[in-house]
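In the order they appear, the protein sequences are chains F, D, W, R, V, P, S and G. Taking our numbering, the leading residue of the first sequence gets 1, the next gets one more, and so forth. Taking our numbering, the leading residue of the second sequence gets 1001, the next gets one more, and so forth. Taking our numbering, the leading residue of the third sequence gets 2001, the next gets one more, and so forth. Taking our numbering, the leading residue of the fourth sequence gets 3001, the next gets one more, and so forth. Taking our numbering, the leading residue of the fifth sequence gets 4001, the next gets one more, and so forth. Taking our numbering, the leading residue of the sixth sequence gets 5001, the next gets one more, and so forth. Taking our numbering, the leading residue of the seventh sequence gets 6001, the next gets one more, and so forth. Taking our numbering, the leading residue of the eighth sequence gets 7001, the next gets one more, and so forth.
Bear in mind the hints are in silico, worked out from the structure with no lab data behind them. Note that CB positions come from ideal geometry on N, CA and C, so glycine has one too. Be careful, since some hints might not be right.
As the list claims (entries may be wrong) - Computed list of lysine to aspartate or glutamate pairs in DMTMM-like fashion (alpha-carbon distance at most 25 Å, straight line):
#1 LYS1244(D) x GLU263(F)
#2 LYS1251(D) x GLU1195(D)
#3 LYS2129(W) x GLU1045(D)
#4 LYS244(F) x GLU1162(D)
#5 LYS1223(D) x GLU6057(S)
#6 LYS244(F) x ASP1245(D)
#7 LYS2163(W) x GLU1045(D)
#8 LYS1199(D) x ASP1249(D)
#9 LYS223(F) x ASP3166(R)
#10 LYS1223(D) x ASP2166(W)
#11 LYS1251(D) x ASP1261(D)
Said to hold, decoys possible - Reference excerpt, derived from the structure (chain F facing chain D, CB under 10 Å, subset only):
#12 LEU108
#13 GLY149
#14 ALA172
#15 ASN198
#16 VAL260
#17 PHE267
#18 ASN275
#19 ARG276
Unchecked claim - Cβ-Cβ distance ranges computed for the label pairs, FRET-style:
#20 SER4203(V) x GLY48(F): 26 to 32 Å
#21 SER4271(V) x THR2100(W): 32 to 38 Å
#22 GLU2109(W) x LYS4004(V): 47 to 53 Å
#23 ILE262(F) x PRO6038(S): 45 to 51 Å
#24 ASP3166(R) x VAL5187(P): 27 to 33 Å
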Amino acid sequence: MSTKKKKPDAPHPHDELLRTDRMPHIWCTGCGIGTVFSCVLSAVEKSGTPLDDVAMVSGIGCTGRMAGYLKLDSFHTTHGRAIPFATGLKLARPQGCVIVASGDGDLLAIGGNHFIHAARRNLDLTVICVNNFNYGMTGGQLAPSTPFGARTTTSTQGCSEEPFNFCALAAACGAVYVARWTSLHIRRLTTSIGEAMNKRGFSFVEVLTPCPTSFGRHNKMRKPLELLKFYHERSVIRNYIDPKDAVLDFKKNLVVGKFVDIERPTFLDNYRLLNRGELGDWPDLEPKLPRPEKQASG
Amino acid sequence: MSTKKKKPDAPHPHDELLRTDRMPHIWCTGCGIGTVFSCVLSAVEKSGTPLDDVAMVSGIGCTGRMAGYLKLDSFHTTHGRAIPFATGLKLARPQGCVIVASGDGDLLAIGGNHFIHAARRNLDLTVICVNNFNYGMTGGQLAPSTPFGARTTTSTQGCSEEPFNFCALAAACGAVYVARWTSLHIRRLTTSIGEAMNKRGFSFVEVLTPCPTSFGRHNKMRKPLELLKFYHERSVIRNYIDPKDAVLDFKKNLVVGKFVDIERPTFLDNYRLLNRGELGDWPDLEPKLPRPEKQASG
Amino acid sequence: MPARNEKEILITGFGGQGIVLTGSILGKAATLYDRRHATMTQSYGPEARGGSCSSQVIISEEEILFPYVEQPQVLICMSQEGYDKTKASLVPGGLLIWDTDLVTTRELEPSWTAYQIPATRFAEELGNKMMANIVMLGFLSAVSELVGVDSLRQAVQSSVPAKTRDTNAKAFERGREYGESLLKSRAKKDQGQEQA
Amino acid sequence: MPARNEKEILITGFGGQGIVLTGSILGKAATLYDRRHATMTQSYGPEARGGSCSSQVIISEEEILFPYVEQPQVLICMSQEGYDKTKASLVPGGLLIWDTDLVTTRELEPSWTAYQIPATRFAEELGNKMMANIVMLGFLSAVSELVGVDSLRQAVQSSVPAKTRDTNAKAFERGREYGESLLKSRAKKDQGQEQA
Amino acid sequence: MAGKAVLTGTYFMNGDEACCEGALAVGCRFFAGYPITPATEVAERMSWRLPEVGGIYIQMEDELASMAAILGASWGGVKAMTSTSGPGFSLMMENIGLGLCTETPCVVCNVQRAGPSTGLPTLVAQGDMMQARWGAHGHYEIIAIVPSSPQEMFDFTIRAFNLSEQYRLPVLIMADEVVGHMNERVVIPPADQIQVVSRKKPSVPPDQYRPYQPGPDGVAPMADFGDGYHMHVTGLTHDERGYPVMDAATQEQMINRIVSKIRDHAHQIISYDAIAMDDAEAAVVAYGISVRSARRAVAEARGRGIRAGLIKLNTVWPFPEEMIRDLAGRVRALVMPEINLGQMVRELERAAAGRCRVRLVPHAGGSIIRPGAIVQAVESALKEA
Amino acid sequence: MAGKAVLTGTYFMNGDEACCEGALAVGCRFFAGYPITPATEVAERMSWRLPEVGGIYIQMEDELASMAAILGASWGGVKAMTSTSGPGFSLMMENIGLGLCTETPCVVCNVQRAGPSTGLPTLVAQGDMMQARWGAHGHYEIIAIVPSSPQEMFDFTIRAFNLSEQYRLPVLIMADEVVGHMNERVVIPPADQIQVVSRKKPSVPPDQYRPYQPGPDGVAPMADFGDGYHMHVTGLTHDERGYPVMDAATQEQMINRIVSKIRDHAHQIISYDAIAMDDAEAAVVAYGISVRSARRAVAEARGRGIRAGLIKLNTVWPFPEEMIRDLAGRVRALVMPEINLGQMVRELERAAAGRCRVRLVPHAGGSIIRPGAIVQAVESALKEA
Amino acid sequence: MKYWRVPLDLGTIPASRGKVMVIEERCKGCEYCIEFCPREVLQMSRAFNPKGYHFPEVGDESKCVNCHFCEVLCPEFAIFSLAEPAVA
Amino acid sequence: MKYWRVPLDLGTIPASRGKVMVIEERCKGCEYCIEFCPREVLQMSRAFNPKGYHFPEVGDESKCVNCHFCEVLCPEFAIFSLAEPAVA
Ligand SMILES: Cc1ncc(C[n+]2csc(CCOP(=O)(O)OP(=O)(O)O)c2C)c(N)n1
Ligand SMILES: Cc1ncc(C[n+]2csc(CCOP(=O)(O)OP(=O)(O)O)c2C)c(N)n1
Ligand code: SF4
Ligand code: SF4
Ligand code: SF4
Ligand code: SF4
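The shape of chain F in the complex, shown without the other chains (with noise of 0.2 Å):
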């Protein structure tokens, strides 16, 4: 059978939950969204979650046109507010699962208060961000995810700020699980997303995938091989370690794996529980409470 005719005859897998309509995308080439979108709806297939109940929503960026191309309920939003509509909205719906995909600069720049607070409340959200260690839809400036000393049109000497790590971030504020992948760990990373999905709780999804466009252009990795080749030869998986030593080192090592994994109530769970009163008062104040061991001078 010869391959070499145009149109196969068989639609590609993912086309039923993909606004075919909308593709080619805008993303360019060799731009890791797509992979990461890909790994999406693979999760989204597996995870025998209801279509219905599915719903992604996005900010601003190019991670943040994922929601444009993905025929469920999507929301693309405002810029930095993903996760305040996506609170709202599941919420509103509870027996919903939504799914926040967006870039570092729109979780974690302009929207890194709802994060940590979000994080903090245990929102039932599975947050999925695509770090490509810049801002890619304004053209490549200066991210929270840019490495020190990294060059982009807005750090055109080197960046002269430390980045965050975002997996160490979402762990301190209270997210039940945390994981970083690359865009080339695709099976990894679609169980992971998986699990998030499955996750009661805050869930934080890390991918580092290639910007050819802006990151690799000013990094003297212009062609899109060379970047994923980079990423996959400098990752190394650790799973389980504490996610505030897995750094990113661009002369050493990019580490990935799962870090975290555990149970904590939702907030819904606290709010529900609260407000049938079952927890009881809250603890009086007066100090009629066994007390600490105290030192001498306190």
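On the provided structure of chain F, position chains D, W, R, V, P, S and G with the ligands as indicated by the hints.
This is chains D, W, R, V, P, S and G with the ligands only, laid out in the frame that chain F set:
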């Protein structure tokens, strides 16, 4: 000599730094903010910093009024924006010593994003957070500091969110100096504020204070003294422990202490370094560098 | 120029004294239990406690158009600052009441009916300084006929937390008794004067 | 209705082909080196790469009032979509240029002067597909007299990163040579036809 | 639970509280907010009232988040609101814009205090009236309702929700500190006397559903998350499928839709009362708390033999241009008291188009306008005129 | 370093770049921003140009922070600016209000794109014109400048800084995507030909300094952090000492000060050009990129014998009411092209007060207005009139 | 209930003699100074100040060691101590 | 440079036979599928698609084991494999 006369014959030792024409201040009977302010004044005096070079920036809230009582250059900004305002102030006048003093809601609810990014960038600011476990100014609502189960005017059945551990968050984001005291630890607090002012980089001092009017009232601790005694009895000092272990458990301990005191180049150090081109090129991404150990299947 | 039939009451004091609650209890008594019209507006500063604070109540048989008190017929002062700032607005023939320990009045307009009561002290004696406002309401119920006393009692009961109803009732009656006895002694004095 | 003396040039293609840079080099050549007036406006979509993109240049002896190209005298197409969308706007007698591998033209308006050049392929051969636009500019310099060729050379040199100046110069000359030889062979053909 | 939602009866409550009861009565079951004087009481009451009726209160980290959350909740199929005051209102603007662009029903209650900036947090103003119309970037139309009493806080909140559901957009309640904090009688009717409008749902199968294809009323039916319509919603310029399309033609179509649904129904949306207008030579045009000053002023003016009347605006946006244009042809002067230095009066001037005198009674804020100032303005306007 | 600040010479640059060069030339040494199309080029250029002249560029976490940071920098004694587009502009509003209330000089450049919401990020509109005036809560006045070419981006940015320093307030540059992205000749004059205004400093000893006591020009001298004046600055209503005072009287005093310094100097601030107006029967009133359409339209109209002229507004706020009122008495029609559905035209209508016809040439955005549409509007307005 | 009265930093305070000054009208009656004074120098007044608060009065003045604890702790800047030449 | 061609999860992939399908007009020529195909089934076309990209062509079709790696990795949904009855 009698102390019965109404006016003492000497001025209060802090009157020099106080806008005495604005006394009495707005804080309630027994509110800890006044004590913290008193410690700030002591620290400023002791620091030896030329007074013209000290500025205070506050946001909005009961604590936010601090700037208005300090007879130095002082800025009362908008709710949540004290840190970015201070960022501009400091970068415009790097020789100045900029103290940010504000409430936990201001700095870490609405202002949370600026907080984490300023810590990440290691901006040379001294941030004093008065944590009274609720929003004082607006009458005592739930804050990101409110203990789980505690009552406030917007959590009359008990707070259903886990609070942040601000010290842990600051440390996780890169603060170089992190300490927590209660407003009764007046000498240690004064010392910490002084150390923080002298520290180059993002310093964070959290002070647990009584808000009898709001937090106390809703949690059976209406009397200022009761609250202050409670803090005193429960607080235990654990210097240099990992701040994430420095928990505030109202049933057991309120862990205080100086947790972090490290060195890290400030934003401006790095900015100057890079813009003088002294750092040299950002490492090529091309895999010319020594390769890390790879796992069999990455 | 208050519209006919409008009774204007101004209550001034500090934040934390329950000034606003006092006004609202008064308005509630008039509206819900006396079935008249009432508005209560408030004015307060940024301070949670200790800032100057006032509550303006208008009670009327008709719909109230303008809700601000301009020339109160009744002025209740629970702080010196409040008294100093507002006394000039009290109409001739108006009713002035102040807290003995918190306000020092000097020359009073002779046409005024003027009373003082150590409401805060009474409240302290009853165990909670914060109930001075309820003492004051009890007192007001004795020395004026703004609203029905039972309406006021009901309004107090339905406005305070369930747990504090009894003590508040006591505070109310303490004020009322003090008012009644004051009236009696005044009446006696007046009589005495007349007789003299 | 372009004002007299205004030359309108429309360049269309995909994001990533350097369409905007092409327009800006052209405008720069006219403004800074030919000392005429020029405006360059751009239109592009949200895509960093691959979205349709155009650059509109007006060159004039006088101040340019309105900066949009309405009826281009020159149309350069580096994508099929760009060609399809804009070909109707090219004036009769206009100059049409396209990239051989990226655009398929069908019936051409007979009054047009039409050329094609495998600019992308040439650029790939020179080692970087991204220089197709510079090849195109070289070609344009040969087949039109919009701006002085040295002006254009200078504008190219001052617009590209220092490190890439040599390769860009090569790309430019590659396009220019192709244009010149094309002109020659056409001239021959025309001559031939005349002679025939 | 229904019983707890509509607290039929008579109350002495403040406007903030009445706003909550109106919202609950018309079916609001989600509130996301952030405390701010003088709107805090709305959040506070919602925080304990919502759990009583099975709804959810969440205090967000700021007003940006609050606004975004109610949009999300609305797409989750739940009637949602937030409340704030000036500083928070400024922060909400970007996401109010998202609500307008994505045609998301919800209600925002701004209890105005004096600005600019932090201003006078506890004191009244009407300084955000133009901001209500123009505070977000880009072009749109908006609906803004202005209550002048606690009872209207109840009644108009119901109307705000109904309009938001009917026309699919965020509706603004432009209250103010005095209306919010003033206590007055509030009558809550029986549940069956409360008109409840809910968004029109799609009636076509999912594959035929076009989320931005307006019906004959100019409004598109709205599917909620979970209804199985698999719609896409974006703040980018989008076509009737909801897909982003980046061109001027789609932009025009979209903007015209969101603008026309208001402009074309302006007469249904606009609400005002004419009081003592029959023989009026001068009309006081007032809104919000200034209506209360104006009512007394008109009474006083009449008492002094001046033929003054009152137009009480219950909605300010869309602005009742036609009515004012007519009116300007019939009276000699229009007088507008505002607790700002001239905002809605500019619309009055514009609509009057020189047909009669237009006078502002300005007030910088901190207290409400004394009736005397209005009477004086009416008098002098008539003298000049 | 001075040499690097003023790049005297002739360039073919776009408006965003020219804006940077204007800022640097007039002494801007601090930029805090957040990328957004189509204003990103301003930030990008500033990021490498500022270190060259000893200034600081910082990319903040969002626009809220960017705006707050430039206010801080201004109080640190440095001329500061930020740039953004619609969504970011919406987010900046609260802190623009702080700047107005605290009278802080700085410059905000909004390169407008089509909205509402995310809209058409890469395409032009003039949809934020009213937002510029009314986008923040509370009452105030503002200065907004509107360039129509890259050269004006350079020149007007200089003027924006000078006005901001002179009148102590944030000044807005209301550019648009086409002006921002269009390349054209830009001439940068020698440094000594650039007018530089800097804030007036106090001349009294610190204990006599009243940071909000206006001088005869209505503007108070400004001390910077470190000058030893130990001033207090607050967004609360404040008296002349800068102290918060929470009453209506102080509110009135403060608002009047911040409003009057603009209103009283409106004639110095307002700038416009009259082109072919001498014998004009119809005036096209245009601003920003639409000036370019209008210029061609007027030329075309004249070509067809129509006596059209052009009023080119270089500033839109404060609005040139008097000039328009006069004009409306002299021409038969005013025609305004705007890339929105009618914003500044409302001011035109208001100022014209019925004295002549006022016509809008609306455009929803995504492209600039074709001259033909303007010519047609002029023609039909004159026919009707 | 007295055991916790040891001020947190007592050890570091030099023992000397002091004089306590009260700025009565600034006081809001929180009682902190009274309660946490390591020497029990202070007691509450029965009188109200103009704001309606009771304020501290000096009881046995001779006990004051000028530790400044009340001074720094007082949220109102209403009390301070001055060094007094050590007597007896 | 071939050592890293082992796909990350190769161990878990069942060996079977597949048929690769390319949706040429969706392809943007990143070469990921070609480079990371564990069996080197694919190669780059010389032709351009309408967007101007080269796209993958199947070289030795018989080598495809239907691992779906190209399918999931492709950012463009431009390539996929289907199970083929095992031959030979
Ligand atoms: C309020 C606001 N500010 C700025 C922008 C411009 N903007 C759009 S996307 C983006 C950042 C994109 O970066 P990231 O979130 O990392 O996503 P990516 O494009 O890299 O996937 C910015 C700054 C905007 N749309 N809205
Ligand atoms: C944008 C904005 N939102 C809300 C407010 C109202 N507000 C003023 S202070 C405050 C919170 C105060 O709490 P915190 O920061 O903890 O300080 P505290 O008063 O407890 O010292 C709030 C919500 C505001 N001023 N501005
Ligand atoms: S700019 Fe970068 S992130 Fe955006 S689509 Fe292109 S490669 Fe991907
Ligand atoms: S409300 Fe609380 S925080 Fe605010 S001044 Fe009073 S006690 Fe202090
Ligand atoms: S600590 Fe200060 S405010 Fe408290 S009682 Fe003593 S003097 Fe008064
Ligand atoms: S991975 Fe997809 S886009 Fe990339 S070359 Fe292969 S088929 Fe084309």
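Against the structure, the hints come out as follows:
1. The suggested pairing of LYS1244(D) with GLU263(F) holds, with an alpha-carbon distance near 18 Å, which does not exceed 25 Å.
2. Taking the CA atoms of LYS1251(D) and GLU1195(D), the gap is near 31 Å; set against the 25 Å cutoff, the hint is violated.
3. Distance hint between LYS2129(W) and GLU1045(D) is unfulfilled; the C-alpha atoms sit about 39 Å from each other, more than 25 Å.
4. For the suggested pair LYS244(F) and GLU1162(D), the alpha carbons sit about 21 Å apart, so the restraint of at most 25 Å is met.
5. Restraint check for LYS1223(D) and GLU6057(S): satisfied, since their Cα atoms lie roughly 20 Å apart, inside the 25 Å limit.
6. Taking the CA atoms of LYS244(F) and ASP1245(D), the gap is near 15 Å; set against the 25 Å cutoff, the hint holds.
7. The hinted pair formed by LYS2163(W) and GLU1045(D) fails the criterion: a straight-line CA distance of about 49 Å is larger than 25 Å.
8. Restraint check: the Cα-Cα separation between LYS1199(D) and ASP1249(D) comes to about 30 Å, which exceeds 25 Å; the hinted pair is violated.
9. At most 25 Å may separate the alpha-carbon atoms for a hinted pair to count; LYS223(F) and ASP3166(R) meet this at roughly 21 Å.
10. Between LYS1223(D) and ASP2166(W) the alpha-carbon distance is near 21 Å, which keeps this suggested pair within the 25 Å criterion.
11. Between LYS1251(D) and ASP1261(D) the CA atoms are separated by roughly 29 Å; this puts the pair beyond 25 Å, and the hint is violated.
12. A hinted interface residue such as LEU108(F) counts as satisfied when its beta carbon comes closer than 10 Å to some beta carbon of chain D; here the least separation is about 9 Å, so the hint holds.
13. Nearest Cβ of chain D to the Cβ of GLY149(F): about 4 Å, under the 10 Å cut. The hint holds.
14. The beta carbon of ALA172(F) comes within 4 Å of a beta carbon in chain D, closer than 10 Å, and the hint placing it at the interface holds.
15. Using the Cβ-Cβ criterion of 10 Å, the hint placing ASN198(F) at the interface with chain D is not satisfied: the shortest such distance is roughly 22 Å.
16. Proximity of VAL260(F) to chain D is violated relative to the hint, the smallest CB-CB distance being about 13 Å (cut-off 10 Å).
17. The criterion of a C-beta within 10 Å of any C-beta in chain D is met by PHE267(F), whose closest approach is roughly 7 Å, and the hint holds.
18. For ASN275(F), the interface hint holds, the least distance from its beta-carbon to any beta-carbon of chain D being 5 Å, beneath 10 Å.
19. Among the interface hints, the one on ARG276(F) holds; its C-beta lies about 9 Å from the nearest C-beta in chain D, closer than the 10 Å criterion.
20. The beta-carbon spacing between SER4203(V) and GLY48(F), approximately 30 Å, falls within the hinted interval of 26 to 32 Å.
21. A C-beta distance of roughly 52 Å is found between SER4271(V) and THR2100(W), which places it outside the suggested range of 32 to 38 Å.
22. GLU2109(W) and LYS4004(V) have their C-beta atoms about 51 Å apart, which keeps the hinted 47 to 53 Å range intact.
23. Separated by about 46 Å at the C-beta atoms, ILE262(F) and PRO6038(S) satisfy the suggested range of 45 to 51 Å.
24. Taking the beta carbon of each, ASP3166(R) and VAL5187(P) are about 31 Å apart, inside 27 to 33 Å as hinted.
Figure legend: structure checked against the earlier numbered hints; hints not met, in rising order: 2, 3, 7, 8, 11, 15, 16 and 21.
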